[in-house]
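A.B. asks: From first to last, the protein sequence lines stand for chains H and E.
Reminder that position 316 of the first sequence reads as 316 in the numbering used here, one-by-one numbering, no gaps.
Numbers given in the numbering used here equal positions in the second sequence, counted from 1, plus 1000.
There's no promise every hint is true.
[Stated by the list, open to error] Below are the DSBU-like pairs computed for lysine-lysine, each with C-alpha atoms no more than 30 angstroms apart in a straight line:
hint	chain 1	residue 1	chain 2	residue 2
1	H	Lys175	H	Lys138
2	E	Lys1126	H	Lys187
3	E	Lys1314	H	Lys69
4	E	Lys1100	E	Lys1311
5	E	Lys1311	E	Lys1280
6	E	Lys1204	E	Lys1311
7	H	Lys58	E	Lys1311
8	H	Lys187	H	Lys175
9	E	Lys1034	E	Lys1204
10	H	Lys58	H	Lys25
11	E	Lys1280	H	Lys43
12	H	Lys187	H	Lys331
13	E	Lys1271	H	Lys58
14	H	Lys25	H	Lys43
15	E	Lys1271	H	Lys43
16	E	Lys1249	E	Lys1280
17	E	Lys1271	H	Lys21
18	E	Lys1126	E	Lys1249
19	E	Lys1126	E	Lys1100
20	E	Lys1271	H	Lys69
21	H	Lys69	H	Lys43
22	E	Lys1314	H	Lys25
23	E	Lys1271	E	Lys1204
24	E	Lys1280	E	Lys1248
25	E	Lys1280	H	Lys25
26	E	Lys1100	H	Lys69
27	H	Lys58	E	Lys1249
28	E	Lys1126	H	Lys43
29	H	Lys21	E	Lys1280
30	H	Lys443	H	Lys388
31	E	Lys1271	E	Lys1126
32	H	Lys25	E	Lys1271
33	E	Lys1248	H	Lys187
34	H	Lys58	H	Lys21
35	H	Lys187	E	Lys1311
36	H	Lys58	H	Lys69
37	E	Lys1307	E	Lys1204
38	E	Lys1030	E	Lys1100
These are computed hints drawn from the structure, not numbers from a lab.
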Amino acid sequence: MATEILMPALSPTMEEGTLAKWLVKEGDTVASGDILAEIETDKATMEFEAVDEGVIGKILVTEGSEGVKVNSPIAILLDDGESLSDTNPASTSASPSAQDAEQTGSQPPQRQAQTVSPPPAAPQSNMSPDWPDGTPMKQQTVREALRDAMSEEMRRDHTVHLMGEEVAEYQGAYKVSQGLLDEFGQKRVMDTPITEHGFTGIAVGAAFGGLRPIVEFMTFNFAMQAIDQIINSAAKTLYMSGGQMGAPIVFRGPNGAAARVAAQHSQDYAAWYSHVPGLKVVMPYAAADAKGLLKTAIRDPNPVIFLENEILYGRSFDVPDLENFTIPFGKARMWREGSDVTIVSFGIGMQYALQAAETLAEDGINAEVIDLRTIRPMDTGAIIQSVKKTNRCVTVEEGWPQSSVGNFISSVIMQHAFDYLDAPVINCTGKDVPMPYASNLEKLALVTTNEVINAVRQVTYR
Amino acid sequence: MATRKTTRKLSPSKKTGTARQSNVSSEELKTLYKDMLLIRRFEEKAGQLYGMGLIGGFCHLYIGQEAVVVGLEAAAEEGDKRITSYRDHGHMLACGMDPKGVMAELTGREGGYSKGKGGSMHMFSKDRHFYGGHGIVGAQVPIGAGLALADQYLENGRVTFAYFGDGAANQGQIYETFNMAALWELPVVFVIENNQYAMGTAQKRSTSTPELYTRGAAFGIPGEVVDGMDVLEVKAAGQRAVAHGRSKKGPYILEVKTYRYRGHSMSDPAKYRTREEVQKMREERDPIEQVREILLTGKHTTDDDLKAIDKEIKETINAAADFAKESPEPSLDELWTDIYAPA
Ligand SMILES: Cc1ncc(C[n+]2csc(CCOP(=O)(O)OP(=O)(O)O)c2C)c(N)n1
Ligand SMILES: [Mg+2]
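Pulled out of the complex, with its shape left as it was, chain H reads as follows (with noise of 0.2 angstroms):
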């Protein structure tokens, strides 16, 4: 039966090109690699091979016309013995063949295209206490939190182990695995070559294969030459595989300005995870929260950002004694109530905000303090329902203001109760410098108690 040659598409954008040269003549018989045509299009040009065997009884597009569309018939291939005279031409210029293609082919059985709006932001929140009122308490430094939550969960859960560079052995570079390799053994604590791209991409390999891994970044700062497998593999896998598998991870480690060690090794990447839909980010504050909130992260069945910092790990805090607590992500804490003012943080910045709202008291200014804990899912219904309540916001973080966590909140804030602000909201953040490493200038370089302050008193008018 005679087919119909079509104008092929080339690229993934061709949308016509030109049939610069037939390179057979109309009887010539081709076998499927042979060459027919070849064709311009706004890149290059191409050879265009034939699919089928046959023989060319037609040629319906002369060499050197320009702006023929994809699709369109160029040739009438027969089949052997066939003769064009066989094949009836008022079938062949409308055939059933083309019209299939035009139906079925460039235009696909389509969905009729609607905006389907993305699911809307949290409007409440849920500011339940975390643990039940007269739950015995006890002091614990963020970095026992975080070896105790790791512990807990690999006795709970034998696919659970840890890796990195120095977490066996030598107990941790900042020595947050603590004890590990004497109760777990090396097969579960395992000390990886200094090789963040390949054993980052063997860890989420270790995860599809059914462990759940945690992977300790000496900092997070290293963690720059694996973030290729890091988003492009373990966030983006579930969708491209339509749900068949994920990543049950968890990316921890210290990040953010140390002290005194300068550009290369004092980052704040809350910003950047934040934005890869795929990941879930946490940035916690207090011991306790470190503690539930990284057991939630290796229960979690997706890939989990756990940005912990250094100057906190030796920090003391309550921690809940309570066998199997967790608390949950996109649930932010309040860590004081107030009228006139909302300062949202996370992570370190929380010490500058706390600060800021005691000396602000002194003053009679009360703020409302928020700890967001997760970045994502981010419990934006909390800090929409305190602003609604004090009119004003101020956001503090350690990294630098462009396309900061800062900034997301603040479009958030406009979007869902701009009628309720009384004043911009002020974005505290680090400065828009490398971080220096004189002494003097690293503390110019930070953000201070002392800016939050000034914010407030800015967005208060006082």
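Model the placement of chain E with the ligands on the given structure of chain H, informed by the hints.
C.D. replies: Relative to chain H, chain E with the ligands alone:
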């Protein structure tokens, strides 16, 4: 975990064709032929659908390389895993994935393996232990070693095939992976599909030492070079590699010399090699023709038999293409699903 200190001798394989054929059954030869032909016809059809605008974006065809996956799959056991790059249609068909689901993914439809959300380069099948389908050159290699780490941890005796190209072989993360795979004795077979080009770059223009099978030498990983146009050679090498991994001896490298007939992707004008070079490969080394000849000259089968096989495959492919055209586009709600697994 014990570390391995020995360096194994590299053993390039070379046996004569006839010696090997004697212990291969007619049935098996026919199966190999059929599996390769299925890939060839599938890819030709995919090329056609691309030309019709039914398939979009990047589409990398496997035509010419069929013996690699078919030979290695013949050496695999149920439960073994595989992972590869974006040139993945052949791997999926060879490990038993349904041509309909693969083709429908190419056309971006609901019936595709990823519900239309992955496309040609990103497809997966948990059931068939196929872990993708990866668009970032080299990224699948550490992931493959990680799958092997999981198998070792779970002590399930499985082996993973991690496929990558000659171009990918220059990626740093692969050497990080070689080191850890050897250090931890992971049951992974690294398969370098050396089709001699990375897009438009001939291997000699990118690679300081062309013997890619020796690339594991610094880590003590044994390697061998294999004629990838000869499916029986590939299978035999695959069996050696799998036995190595299965007996807890650690990773193994197979450099499989092969050739792609088509452009790098559908939009490749292929000006970096001559028409004659391609033609010569097709005429003299075609993996499918080689088996066809063995089948006929060795009287394993008849011409009629092969015609019946051809016909059956054509029907399968046409059915896959019809399915891929008729399957609806994904529902618009799919935009928002599968971003997070429910906790
Ligand atoms: C990290 C990265 N760099 C570049 C590309 C673009 N790219 C896609 S395929 C390719 C060539 C790879 O060649 P090879 O590894 O030999 O595999 P083949 O295509 O021959 O199967 C390049 C450069 C990419 N996808 N990822
Ligand atoms: Mg190549």
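A.B. asks: Taking the hints in turn, state whether each one holds.
C.D. replies: Quick rundown of the hints versus the structure:
Between the alpha carbons of Lys175/H and Lys138/H the distance comes to roughly 20 angstroms, so the proposed pair stays at or under 30 angstroms and holds. As the CA atoms of Lys1126/E and Lys187/H are separated by approximately 25 angstroms, the hinted pair is consistent with the 30 angstroms bound. With a C-alpha separation of about 29 angstroms, the suggested pair Lys1314/E and Lys69/H falls inside the 30 angstroms cut-off, and the hint holds. Between Lys1100/E and Lys1311/E the alpha-carbon distance is near 17 angstroms, which keeps this suggested pair within the 30 angstroms criterion.
Between Lys1311/E and Lys1280/E the CA atoms are separated by roughly 27 angstroms; this keeps the pair inside 30 angstroms, and the hint holds. For a cut-off of 30 angstroms, the pair hint linking Lys1204/E to Lys1311/E is broken: about 41 angstroms separates their Cα positions. A C-alpha spacing of about 28 angstroms is found between Lys58/H and Lys1311/E, which places the hinted pair at or below 30 angstroms, so the restraint holds. For the suggested pair Lys187/H and Lys175/H, the alpha carbons sit about 19 angstroms apart, so the restraint of at most 30 angstroms is met.
Our distance criterion of 30 angstroms between C-alpha atoms is broken by Lys1034/E and Lys1204/E, whose separation comes to about 34 angstroms. For the proposed pair Lys58/H and Lys25/H, the alpha carbon gap of about 8 angstroms is at most 30 angstroms, so the pair holds. Only pairs whose Cα atoms come within 30 angstroms are accepted, and Lys1280/E paired with Lys43/H is accepted, the gap being roughly 28 angstroms. Straight-line distance between C-alpha atoms of Lys187/H and Lys331/H comes to about 35 angstroms, which puts the hinted pair past the 30 angstroms bound.
With a C-alpha separation of about 29 angstroms, the suggested pairing of Lys1271/E with Lys58/H holds against the 30 angstroms cut-off. In summary, the hint linking Lys25/H to Lys43/H is supported, as the alpha carbons are separated by about 26 angstroms, within the 30 angstroms threshold. With a C-alpha separation of about 13 angstroms, the suggested pair Lys1271/E and Lys43/H falls inside the 30 angstroms cut-off, and the hint holds. For a cut-off of 30 angstroms, the pair hint linking Lys1249/E to Lys1280/E is broken: about 40 angstroms separates their Cα positions.
Distance check on the hinted pair: Lys1271/E and Lys21/H sit about 16 angstroms apart at the alpha-carbon level, within 30 angstroms; holds. Restraint check for Lys1126/E and Lys1249/E: satisfied, since their Cα atoms lie roughly 26 angstroms apart, inside the 30 angstroms limit. Proposed proximity of Lys1126/E and Lys1100/E is supported: the alpha carbons are some 17 angstroms apart, at most 30 angstroms. With a C-alpha separation of about 24 angstroms, the suggested pair Lys1271/E and Lys69/H falls inside the 30 angstroms cut-off, and the hint holds.
For the hint pairing Lys69/H with Lys43/H, the CA-to-CA distance comes to about 16 angstroms; that is within 30 angstroms, so the pair holds. Taking the CA atoms of Lys1314/E and Lys25/H, the gap is near 28 angstroms; set against the 30 angstroms cutoff, the hint holds. Between Lys1271/E and Lys1204/E, the direct Cα distance comes to roughly 16 angstroms. Compliance with the 30 angstroms bound is thereby established for this hinted pair. Restraint check: the Cα-Cα separation between Lys1280/E and Lys1248/E comes to about 41 angstroms, which exceeds 30 angstroms; the hinted pair is violated.
Distance restraint check for Lys1280/E and Lys25/H: the Cα-Cα separation of roughly 24 angstroms lies within the 30 angstroms cut-off, and the hinted pair is therefore satisfied. A C-alpha spacing of about 29 angstroms is found between Lys1100/E and Lys69/H, which places the hinted pair at or below 30 angstroms, so the restraint holds. Annotation: proposed proximity of Lys58/H to Lys1249/E is violated, straight-line Cα distance about 62 angstroms (limit 30 angstroms). Annotation: proposed proximity of Lys1126/E to Lys43/H is violated, straight-line Cα distance about 39 angstroms (limit 30 angstroms).
The suggested pairing of Lys21/H with Lys1280/E holds, with an alpha-carbon distance near 24 angstroms, which does not exceed 30 angstroms. Distance hint between Lys443/H and Lys388/H is unfulfilled; the C-alpha atoms sit about 34 angstroms from each other, more than 30 angstroms. Restraint check for Lys1271/E and Lys1126/E: not satisfied, since their Cα atoms lie roughly 39 angstroms apart, outside the 30 angstroms limit. Pair hint Lys25/H plus Lys1271/E holds up; C-alpha atoms about 24 angstroms apart against a cutoff of 30 angstroms.
Distance check on the hinted pair: Lys1248/E and Lys187/H sit about 15 angstroms apart at the alpha-carbon level, within 30 angstroms; holds. A C-alpha spacing of about 15 angstroms is found between Lys58/H and Lys21/H, which places the hinted pair at or below 30 angstroms, so the restraint holds. With a C-alpha separation of about 52 angstroms, the suggested pairing of Lys187/H with Lys1311/E is violated against the 30 angstroms cut-off. Distance hint between Lys58/H and Lys69/H is fulfilled; the C-alpha atoms sit about 18 angstroms from each other, no more than 30 angstroms.
Distance check on the hinted pair: Lys1307/E and Lys1204/E sit about 41 angstroms apart at the alpha-carbon level, beyond 30 angstroms; violated. The hinted pair formed by Lys1030/E and Lys1100/E meets the criterion: a straight-line CA distance of about 22 angstroms does not exceed 30 angstroms.
Checked against the numbered hints above, the structure violates hints 6, 9, 12, 16, 24, 27, 28, 30, 31, 35 and 37; every other hint is satisfied.
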